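Protein chains in written order, with the numbering used here: chain A, 15 to 292; chain B, 6 to 304; chain C, -10 to 432.
None of these hints come from the bench; they were simulated from the model.
If you're wondering where the values come from, they're calculated on a predicted model, not measured in any experiment.
One or more hints might be untrue.
Unchecked claim - Calculated cross-link-like contacts (lysine to aspartate or glutamate; reagent style EDC-like; alpha-carbon spacing at most 16 Å): (1) C:Lys38 to A:Glu236; (2) A:Lys208 to A:Asp179; (3) B:Lys158 to B:Glu148; (4) C:Lys38 to C:Glu69; (5) B:Lys158 to C:Glu69.
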Amino acid sequence: MKRKSLLTTLLIYCTLVGLGLIFLVPILIMLSGSLKIDTRVLIEAGSLAGLVPEQPSLENYRDVSTRVPFIRYLVNSTLITSSIVLTGLLVNSLAGYAFARLQWPGRDALLFTVIALMIIPLEAIAVPLSYQVTLLGWRDTYLVQILPFVANAFSIYLFYSFFLDFPKELEEAARIDGAGPVRIFFSVVAPNAKPVFATVAILTFLTQWGSFLWPMMVTHSEAVRPLPLGIAAFYTLPPLQWGDIFAFGVMMIVPVLLLFMAFQRWFIRGVATTGVKG
Amino acid sequence: MADQLHKHEHLIARLFVLPALIGLLGFVLLPFALAVTLSLTNLRLGSPLPLEFLGVEQYRRIFTDYTFLRALRNTMLFALIIVPLQTGLALSLALLINQPLRGIVVFRTVFFMPVVFPLSLVSVVWVLLFAPGSAGLLNSLLEIVSFGAWQPKDFLHDTAWALPAITLTSVWQGVGFQMVILLAALQSIPEELYQAARIDGANRRQQFVFITLPQLRNALIFVVLVTTILAFRLFDQVQIMTQGGPQYATTTIMYEAVNAAFASQQVAKGAAMTVVFFVLVLLLTLLQRFLLRQERAVA
Amino acid sequence: MLHSVIVIENTQKAAPIITAHLLILMLMLAGCDRDRSDHNGPEGAVTLKVWAHAGQQAEREVLQSQVARFDQRSDEIDVELTFIPERNYNALVQAAALAGDLPDVLEFDGPYLYNYIWQGHLLPLEDLLPTTLIDDLLPSVIRQGTYDQHLYAVGVFDSGLGLYARRSALEAVGARLPESAADAWSIGELNDVLSKLSLRDNDRAVLDLKLNYAGEWVSYGFSPVLQSAGADLIDRESYQASQDVLNNAAAVAALQHLQNWIMAGYVDPNIDDAAFVNGRVVLSWVGHWAYANYKQAWPDDLVVLPLPDFGLGSKTGQGSWHWGISQHSQQPRAAAAFIAFLLNTDEVLQMSNANGAVPATRTAVARSVNYREGGELHLFAEQLMQGVSVPRPRTPAYPVITTEFQKAFQQIRNGADVKQALDEAARRIDQDIRDNQGYRAVH
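Here chain A stands alone, though its shape is the one from the complex:
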């Protein structure tokens, strides 16, 4: 690459900073709103100066922790989401592998079905699905919030496209050593497929962490209530307590942000090897 002139560099930085502000301001509004008195949030929302709270206080955060059992919700959300992610990784990677690398009758037709199922959003099947789990007697449990989301057509598709381009040589070598598909998958393929596992894990995590409609339909007790439903406790009759809502939002997002910051390298490397393959 040839060296860029100072002017070009400066210009690029200016663009980056400008764009960066656009991406940051809404987040900052939330952050600063969470530190303000409820009534000030809306009044000061119209100016950039309002981004700096005059008398920042943690009142809203205190409010949130007294009004709802935040830790309980956090534990529930963590448990539910991590269960979906973990079991999902296992179940969907196996399926993706079988679709991509194993030969068996009926494979292509099933693959097409799976791809078609990718389109169906939860909202579309939520009502019949809730009838179903009611019949099974699963309402108001962790299980009902986990099981329906373990198998995921999109995850299978991501694994499938990754494995499709997986170098054949590694498998061949293992096969010559007498390894069967199970051993090949667990000891050769999976260890070399970290990026796709990372991508699927993060995507699943993001979708499930914010899940709202489904838990609303199938749970009612606080013992199993996840975070997004918790925030609904603050959407009461107006005037809304914006400060509390934002404080809850911040508390809900911080664990995710930390995780993301810590593992973004993995994620980006993961996407590099999956998305590209389409």
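Starting from the structure of chain A, add chains B and C where the hints point.
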């Protein structure tokens, strides 16, 4: 012997797929089949009346219903705008981020950050940004930038502005994801290709058109596909920011379907909308695949 | 999530980690289920499951203390209280009802009640509650809780609408100050006041219609306009048709006034919900719940007026949260005892003080500082006792009626043709009623 080995592999393959298939069958296909069945009835949530078979009556109704037709139109319009917009923006951001500059990782993080925010939360924040008059940040900024020429708008209650406002919110939240995918693809383009092109005397623009774009082809196709599907699902932002208004300017298929099923408790009607949605997106996906005739060998 | 990262980095060790995680999960699930079946309270006592909406902080605190007091008073009954988010209350309760999962006692938001009665989920209360208690209830509360000649639910408080105003502003334009619903402003008078006030206002916006509230507010706040004009959401004789009731000439003319105000710029969009408090407007069309805030902002200048008269006299909304007993409750007597306890005068007043709502019994009204005769909010109590208030339609069709009216109102608010919007709503409501065989009684 070889035959037996094959049989064994068939068995293993089926075992590999089995858990996923059970899940998909039980929790996606079965409820969807149920939705298709229910769309042919008069089912109302919790109704004590006996279920009646209505045939395609629900479909006839929604296709003669102004609101639903409007929802169809809005959804397609939204997809038509956001797919090129978001893909183009994501590509520009990826190109920008791909510069070998100090501190570039910070910007990558910043651009991606909104992706980790749940849409429900994002929408609430943007309602504030779009507030009418001087109470809204966007209005006051536009007023400053235009030296006072900007007339403050009530974006979310203006038939011309509401859908663009939702589009902007969605782009803000989602573009980072596409950016990362494209960035990854950019970084996997072999440097030798550019070197060879430079030797041949290609300028920056020619390098972009003849090397970068073709090399990004598959990543772009992936991005377009995913963005299209997500665009068609548009729901959360509408629910929180505009409730489909003003004058149905922002109502969408999913919004109408969920509202019919939950708010009005007309499950059968909602189910019919769902089925229409599914068929539409399926056709569109097939069409896209066909048009782009994705050749996976290219990569 | 932490686990999953470990999985990624050491895939060889993934299987044991996943297994361990699953084991832990199963143990927790099992433990959780056991937890629940163990909830039988102290020795010999029956557990009464109660669901309530998670309202304002003060409201929730009062209910919690009431439950504690009730538990203390009776050794045999142990109340297990669950708060459910207000915003999704009906969706959640409906889902639980489908599953046969309703608790012994639960709250219902106003007119959503009738749907549950039609579905056969509720017990009539006449034989369960003391007659003296029923007789003491405000007529509006009885009307709201009655369906098909039975009383199925009772509220601890009721609600009402008024036009809050700044006395000084009205006096400045020489407007008359009506004292009761009987001498409310006529629509002509209000139009006149609005245009005069607007002339003296910087941004011309002088009225707050709480356009920032979404959802049920529309039906609650503006169906009295229809009723005052000689229209309604649905025909109240048969509950079979909205056609020619919701979209008749009177309805169109009345809502046209509202649209005119909005189009003329008289109405503040009130995004920050502080238009009246901050003094941007001098009139606010809202319920009893706004009083505390408004009084604090304008202690010496606040007056509460009845809604305007669109022709057939001023009307107002009513109804709020009502308690009912599930059909499947194993202990209806205990459930009724709990509800009766909440209706003790002291308890009613405590709740009324917490949320500012009109107390549901005559005795409590008489003892309430704000609502008794001569009190500043007596207008609200008077409206409920003298039949000025109209309950929202008492029919299982209500979810559809309110959704359609809300849609129509949003259209009208944004400038659409009033008649067309109402026609469409009436057509859809009637279709739903036909689809459900007129919501004939099944049980």
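Against the structure, the hints:
Proposed proximity of lysine 38 (chain C) and glutamate 236 (chain A) is supported: the alpha carbons are some 14 Å apart, at most 16 Å. Between lysine 208 (chain A) and aspartate 179 (chain A) the alpha-carbon distance is near 14 Å, which keeps this suggested pair within the 16 Å criterion. The suggested pairing of lysine 158 (chain B) with glutamate 148 (chain B) holds, with an alpha-carbon distance near 11 Å, which does not exceed 16 Å. Proposed proximity of lysine 38 (chain C) and glutamate 69 (chain C) is supported: the alpha carbons are some 5 Å apart, at most 16 Å.
Note on lysine 158 (chain B) and glutamate 69 (chain C): the hinted pairing is violated, with a Cα-Cα distance of about 49 Å set against a maximum of 16 Å.
Checked against the numbered hints above, the structure breaks only hint 5 and satisfies the rest.
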